[in-house]
Structure formats: C-alpha cells, structure tokens
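Asker: Spelled out, the chains give:
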Amino acid sequence: MPNLKRMQPRIILNSTQLNLTVTRLCHQLIEQHRSFEDSCIIGVQPRGVFLADRIYAKLCSILGKQDIDYGKLDITFYRDDFRIKGKPMIADETDIPFSIENRNVILVDDVLYTGRTIRSALDAMLDYGRPADVELLVLVDRRLHRHLPIQAKYVGRVIDSVTSEKVKVDWKETDGKDAVWMIEDKD
Amino acid sequence: MSALSTKHLTGIKPLLPSDIDLIFQTADNFKEILQRPIKKVPSLRDITIANLFFEDSTRTRISFELAEKRLSADTINFSASGSSVKKGETLLDTVRNILAMKVDMVVMRHSSSGAPEFLSQHISANIINAGDGTHEHPTQGLLDGYSVREKFGTLKGLNYLIVGDIKHSRVAGSDIPLMQKMGAKVKVCGPPTLIPKHIEELGVTYEPDLKKALEWCDVANILRIQLERMDIKYIPSLREYALFYGVNRELLDSIKKEITIMHPGPINRGVELNSDVADSKQSLILQQVENGVAIRMAVMYLLAGRN
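Chain order of the listed sequences is A and B. Just so we're aligned, residue 1 is where the first sequence starts under the numbering used here, counting upward by one. Just so we're aligned, residue 1 is where the second sequence starts under the numbering used here, counting upward by one.
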C-alpha cells in the first residue's frame, strides 16, 4: 500500500514558463502604465524582491529606459504574527529612494496566500506617503486561502491547493534554477 | 540565530557574541526607520512597558521612552521620588504591584548593583537593566559598541581605551565585556585610586600615563567624574584631575594618529573633556546618543519576540 500522505514535489512552472510569465506580466504592466512616468515598482522583502528584480530588468529592456523608479520594502516590523511564531523575525533592508506621494505604486510579491503579508506591506508603504493608486502583482495566487479581502491585479498563475501544501519559488540567483514548486508544508 | 539567548538584559556578561551581533543587525534596521518621515512601527503595539527609575536620569530615560514610542508600545513612568518607595515599600513589592496591572516589560535603573538580576529571579516580565549601581549599564555598552562598529566597520582588533573613574563606572562594567566579546583589546587609564584592584583578571591592561594610553588606542571613551558616587576623596581636586587626566586639543594634537573620542554623558566640560575636543569632528558623542534609540528599540523588539 503506497503512503498516500507523502506528497511528491511537483513543478508548476519550469524555467521557460516562468520567463514567459514574467514577460507577459511586463506587457500587461506597460499596457496599463505606458512609460512609467507616474508609476513605481516596490518589491516586498525578502522573496518578492527577486521577482521585482526580474520585472524591473525586463521592463527596462522592453522600454529601452533605465529611469523607472524601483524600491524594496521590508515589512517585518509591521507583521501581525510577530509573537505568534515564537521567534522575532530578522528584518531586511528597506530602500525606497523616491517619493511615493501621488504615484501609482505596483506592489510585487512572489506568492499571494492568506493576504496578511500584503496587509502588512500596505501599512509599511503608507508610512512613506500617500500613493495615488496601489496595484498588486504576484507570480502565484493561491486563491482559496485568503484571510483578508485582498486581490492581485496582475497574476502569473492561479493555483488551487490545500493548506498542507506549500508553493516554493526558486530563483537562479539564490537557488541555482528558476522554478515554481508545489511541496509538502512541513510546519 | 534569530532569537536572543536570554529573556532579560541584566548585563553584557551573560550575552553571547551572537546575541550582540543580532542586536547590532536589528539596530541597523531601526536606524533606517528613524530616518523616515514617519519614524514609527507598530511592532510592540500590544506590549506595555514600565520605566522604573529609582535613580535620576535624563538621557537614558528619554532614550528608552522614545524607543518605546517608536515601537508603538504603551508606557508608564515611575520615579522613586514622590512614590510609595518613600513610605518604605520594598523593591519586590513595588514591582509586583506594578506588574499586577499587566505590564509585559520592565526597564529599571537602580542605585543598588544587582537589583535587576534579583528581580529577574522573582518576576516573569522581561527586565532591561538601565543602569544598576556601579555594576552594568548594558544598553550603553551596546550603543558604544554599535557606534564604534559604525565608524570602523568592525570591533575586531581595535584598541579601546577607557579613561577615568573605572571603579564607580557601570559604563566601564558593560563596555569591557562587550568590547572583549567582540574581539577588541581594552586598556584602562586613570588615577590608581579610581582603578579597581585586580582589573588585570578581566584581561584588561592598565596604563597610568594618559598620553601613552592615547598613543596606544584607536578609540578613547572618556568617563565622567562621578562626584555623587565618591563618599570619600579619591582625587585631591578636580583641577588636579583635569591637569593629569583631562583630554584637550593640545594633547590630542601631540599624538601622531587621529583617535576617536567618546563620552557617555553628561560631560563635565573642562574637567575630563575640553570643549575643543567634545565638539570636534573626532568626537562620536552625538552619534552615541542617536544610536542609543535604535539600540534600545532593537533590545526591546528582540526580547518581546521571545515570548
């Protein structure tokens, strides 16, 4: 009798598919934001920044310009599960070298799951000013598990999953290879 | 490591080098927050902190209060003057009564060495020592180390000199273990009456001559002459102290290298430190005060996160 409880990791997006998805997301952004004069990109630390790096580089090469505003936002001190997880979480760098006042902000993260990270990110971002408009871009949307009324405007791939599963996004820069995996959640 | 090894900050001595690194790293993040237009994060919004100052303080108290407010904690302040302490209540009773009102963390300054250690054995709230007698002042030690690290990049291999009243100084009590844990060498300098006996056993060297000591060091921390702690005469006069152990421009110019000057405040200008040094570019004094808030935020954040 095979052990049905153990789940084999399976690939959701391979390197080629991931690249295609990022390109498609960039074109959708351009459709909406044209030359990005009033828009800026903010990647959510730590994992959203890898996706934001890709999006930023791709946009620059498609539009043939280097002056798109791009920042990184750490949300550690804004989380609502600070003492629940038992350990304080170590923060990453926040670097937003421009004003977000009256800008159209594109918030970028890798996986949208409960929505709590994005809730924290909105709080953290609002401490920097009052944007005209905020949109959310994610690579993977696990649509069945939202705890809060938060939706992404640009979605790479929608996935229906159960809570015992976990979506893992690997990046060439840190994990050696680009891929999106569905694995068993050990926590 | 992503958590401190200790539940209380009673001193630097019980900390591991990895704890100190973690505090420094977290303080880097808070320092960035303090540069923002909105200098506040909601991390400790469900935490209540009692500041119990059984001994006078301006700088440390304001620094702790600001750090607590920047973390969105609720705070209550208590000072011994005008309280039941005057009616004869014991320390433990005072603190237990305050904790009965559901306080999560206690910041305490007390004139008796070991008071925070004693409390930590009896109560469950996190305790932060804001200076106990002549024992330790750990957040001062941490902010001194942090300010030096900020200037030099690391504490490893640096020569760190402490000048003045080592015997009564809780700043020296925290600076010495902190610098040693982080790989710096420590020397002390001052009149022999103000140097504790057997100081060499801490791995610290003693040099009575100020000029020679300054020539040895990269950083000199000049301590305040604490007249309030001297029940007997340790030095003939302040004037004589200033003559032999006062740091002035002339003395610094006679040394070939440029050394960094620190002072935990408040300065007795013209006694241990002259204005032409205290207000010069060589001085880290105001950076120390600025970094104090970030360091205290880091300590409170990390202790609260352990629960």
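Rather than coming from a laboratory, the hints here were simulated on the basis of the structure. Be careful, since some hints might not be right.
[What the hints assert, rightly or not] Straight-line Cα separation of at most 20 Å, SDA-like style, residue types lysine to any residue; simulated pairs:
1. A:K168 - A:N14
2. B:K69 - A:E101
3. B:K40 - A:N14
4. B:K39 - A:E101
5. B:K39 - A:L122
6. B:K31 - A:N14
7. B:K31 - A:P97
Asker: Each hint: holds or not?
Answerer: Status of the hints after comparison with the structure:
1. A:K168 - A:N14: Roughly 12 Å between the alpha carbons, so the hint for K168 (chain A) and N14 (chain A) holds.
2. B:K69 - A:E101: 25 Å, violated
3. B:K40 - A:N14: Measuring from Cα to Cα gives roughly 41 Å; hence the hint is violated.
4. B:K39 - A:E101: Within the cut-off at roughly 17 Å; holds.
5. B:K39 - A:L122: Given that 20 Å is the threshold and the Cα spacing comes to 16 Å, the pair holds.
6. B:K31 - A:N14: Given pair K31 (chain B), N14 (chain A) is violated - Cα atoms ~40 Å apart, limit 20 Å.
7. B:K31 - A:P97: 16 Å, holds
Checked against the numbered hints given earlier, the structure breaks hints 2, 3, 6 and satisfies all the rest.
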